[in-house]
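There are 2 protein chains.
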Amino acid sequence: MKLTVKLMDIGTREVLLHTEDAGNIGVMPGDRVQILNEGSGVTVAAFVDTTTSLLPKGTIGIYRITNERLQVTDGSAVEVRRAERPVTLDFIRKKMDGEHLSKEETYAIIRDVVEDNLSAAELTAYITACYINEMDMDEVEHLTRAMVDTGERLRFHTHPIVDKHSIGGVPGNKISLLVVPIIAASGLKIPKTSSRAITGAGGTADLMEVLAPVNFTAAEVQQMTEKVGGAIVWGGATNIAPADDKIIIQEYPFRIDARGQMLASVMAKKFAVGADLAVIDIPVGTHAKVKTVQDGRRLAREFIELGDRLKIQVECAITYGDSPVGRAIGPKLEVIEALRILEGAESPGSLLQKSVSIAGMALEMSGKAARWKGAEMAAEIVKKGDALKKLRQIIEIQGGDPNVKSDDIEPGKHQFVVNAPATGYVIELNNKALISLARTAGAPHDKGAGLLLHAKKGNRVEKGEPIFTIFAERSWRLQKAIEEGRQLMPVLVEGMLLDRVPQDTRWT
Amino acid sequence: MKLTVKLMDIGTREVLLHTEDAGNIGVMPGDRVQILNEGSGVTVAAFVDTTTSLLPKGTIGIYRITNERLQVTDGSAVEVRRAERPVTLDFIRKKMDGEHLSKEETYAIIRDVVEDNLSAAELTAYITACYINEMDMDEVEHLTRAMVDTGERLRFHTHPIVDKHSIGGVPGNKISLLVVPIIAASGLKIPKTSSRAITGAGGTADLMEVLAPVNFTAAEVQQMTEKVGGAIVWGGATNIAPADDKIIIQEYPFRIDARGQMLASVMAKKFAVGADLAVIDIPVGTHAKVKTVQDGRRLAREFIELGDRLKIQVECAITYGDSPVGRAIGPKLEVIEALRILEGAESPGSLLQKSVSIAGMALEMSGKAARWKGAEMAAEIVKKGDALKKLRQIIEIQGGDPNVKSDDIEPGKHQFVVNAPATGYVIELNNKALISLARTAGAPHDKGAGLLLHAKKGNRVEKGEPIFTIFAERSWRLQKAIEEGRQLMPVLVEGMLLDRVPQDTRWT
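Protein chains in written order, with my numbering: chain A, 1 to 508; chain B, 1 to 508.
Hints may be right or wrong, so weigh each one.
A pair holds if it fits inside one copy or across any two, identical chains being indistinguishable in the list.
Listed below are the simulated DSBU-like cross-link pairs for lysine-lysine, each with C-alpha atoms no more than 30 Å apart in a straight line [said to hold, decoys possible]:
#1 K289 / K413
#2 K57 / K6
#3 K289 / K457
#4 K246 / K103
#5 K383 / K311
#6 K103 / K432
#7 K291 / K311
#8 K94 / K246
#9 K457 / K57
These are calculated hints, taken from the structure and not from any lab test.
Using the sequences and the hints given, assemble the complete structure.
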């Protein structure tokens, strides 16, 4: 059917049809049509929305994402037909039925994911099926390679290339801001792509953005890394393993992180940046993604096996994941904390310790440091100020201010100090509650929002002593966070009243 | 955040936000916002689309389905916030993790389904999880009751109320057009809600619509049934078990019909119309939904058990499902065939036979006929013309022409006769290929489109003798169907050339 184009700036892969035209084409809302740009010969499939009044009969509303490849202009004519059902739906069905997918089938699905040929619901069915009917290592390898092959890759001429990854879920895990400059300062190359927070209070990309732009193409990342040894960028802008972001977004409503997809997600990015060796940080704890050391070891073995298949040397660090890393949560607060360590501060020791341990593993794997001497070497690099100097170079090459100091960065000006309601030991820091509170205060969108912990697990606090401060950029967000804090009680002090019936007057 | 309303006639549960407003609210495309109509106090959650140019900052595009409950007007102000994550996502996650859902959890999910609080992707995750981690009978019962309780119900004062259902997948299964009037003519009441074809060539509702309107409220169905003993309406308009339609639409891309959902779907509708007894027709065959008699028996036992729990007396008929029922496929062709039988024709015998068997079971269950005498009684009702008279009453009360005769109905005028390419026996009729061909010819949207089989399985045909005719309302559809028929070869004659290399000249 021939229809006249009306471009519509809506950011989805859809078209809007008059209900009668949809009936004539034989499609219902949610079905697919095939649209032919007769000038260029390009054909694009898109999902159908319908209207009876927003468009006259004979026209088709083309949404923005649909037109990215279609490239038609307002008023031009397109041929619109009912689209064939993608064959990948049969492959997804196979996985639903508990069968294993072949390499070709996985590649076909991932190509359709990258090209937005599958609806959110169809992709969710694939993810759910893979979550329930776990992928075997062959399928994970195929998925990893498919994710790599459908995106950009970096190709370095010198080796080894280093990479690191921390499994998420632990608030305040800003170690990349320390590990990357340490590694680069040692003379190794580390092109670090990182994520923005989806469920967290700040991903490494959100943090780095406080210091410099983070949106670069894959080629730019390679150039910057070749020049200064490292870069810390947002992976989403590089088009490296683009399928992964699309999968993660669909996992998000269910808070799942399917084992096979997680392995593929992490390793696809290492593989695509050309990493020869990678350190994977696996935080373990009741409130972390991985609950027990045993589970952590199992996951580590799988990372190592997948690395073997991809010819990437992998070592894993099982780390303590039941409390935040350091004391700061939220982009600016975390950057301040990381910069202070690089500037010579010795606290929080846990942050420095974790960073040099992870960096040290890479130094050892690369041969830069002798076995068991990596952490020492990393600490030395920090102590001499080389890591700070390297971070400044990275900031500069990414277009930030290389002279930035921790004191220059100002967290949110709306603050609220939460005091200990009783004297005693801090017996719990609840990761999920801390993240939720930081998000309510505005993180990661409001870079100055977040939390600063004054006491950590095991510390003794006196009644009335500050236990943490909430920071916000907007006063209404601070108010909401204060209210939420009352409910969630993310920091528990031994002997503290958990509730008071009938009336709750704590904190006010 | 306060935004100004711009109503947009797009048929989904979404809103359109300027990208900057979305950032300030803290939502991304696909996230949910909560919208408050400050005048009425009504709050509605909707999914976010974003734009940078279609709307100015400070405005919100409210799509049609979103406004069905919100009821705001163009230019009014609404308060928009990031919505809470529905708790039902945790229940869906539970099912993904292989746990059983409680009655309360299932009810909460189904309420969210009916109120469109779950996105298509979220609902798909639920369906996929239930497909892989099969529901036990408790869960199926809860699902059935939840579907009933979230929709309309009929409440009759006389009993018994009869219902029937055929598991789909067999083309040409127009038996409801015979069974309903037979039952009603016997003095029993049968308020039959039926479906439109989604993947088929014509559902009972599509067929009945050739004769009379089929869109009625639940109350109207009850009134009509009380007056003339029966009705044949489209279930989708009645708001009976509305969750079921929403679930079926999401199953459609994967061509799945999850066992638990199917049991619940069928029995919820029987329960909601107040049925005391129900006959379930389970067609079995390689090309049918149920592949073996053994599987059919197992399914029958589950229907009976679920019926027990709901206090509905259920009997199941395992029927032959490897060939079409009768010779006609497609709305008008099927109606002509059914009317002819009621008008006294004795062919196709298979259609008459199946219809009186199913109707007879209900007559026996209700006590109208003695054991093993039901089919005889049903055949007598047809023979005396009582069933035709009853169907005319049903047509009349639904607003159609009660004097309609089979000869008045004209199938598509574009026709193509396919002749036997060789002499031999018809060895296969492929259900899926026949349905696909009928759909390509235009069924069910074009009511006159479809197929008429001149030979059935086991018949001997001479070379050049017609084996089936394709009917279409539009010549281009006929052409497409002819092309597709060449590929699919839905009717195989023994000794027939299946392919000819290098050049295929059959049929042209």
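Each hint, compared with the structure:
no. : hint        : verdict
1   : K289 / K413 : neither (32 Å within a copy, 65 Å between copies)
2   : K57 / K6    : both (12 Å within a copy, 22 Å between copies)
3   : K289 / K457 : within (19 Å within a copy, 59 Å between copies)
4   : K246 / K103 : within (20 Å within a copy, 34 Å between copies)
5   : K383 / K311 : neither (34 Å within a copy, 78 Å between copies)
6   : K103 / K432 : between (37 Å within a copy, 28 Å between copies)
7   : K291 / K311 : within (29 Å within a copy, 46 Å between copies)
8   : K94 / K246  : both (21 Å within a copy, 23 Å between copies)
9   : K457 / K57  : neither (66 Å within a copy, 45 Å between copies)
Hints 1, 5, 9 from the earlier list are contradicted by this structure; the remaining hints agree with it.
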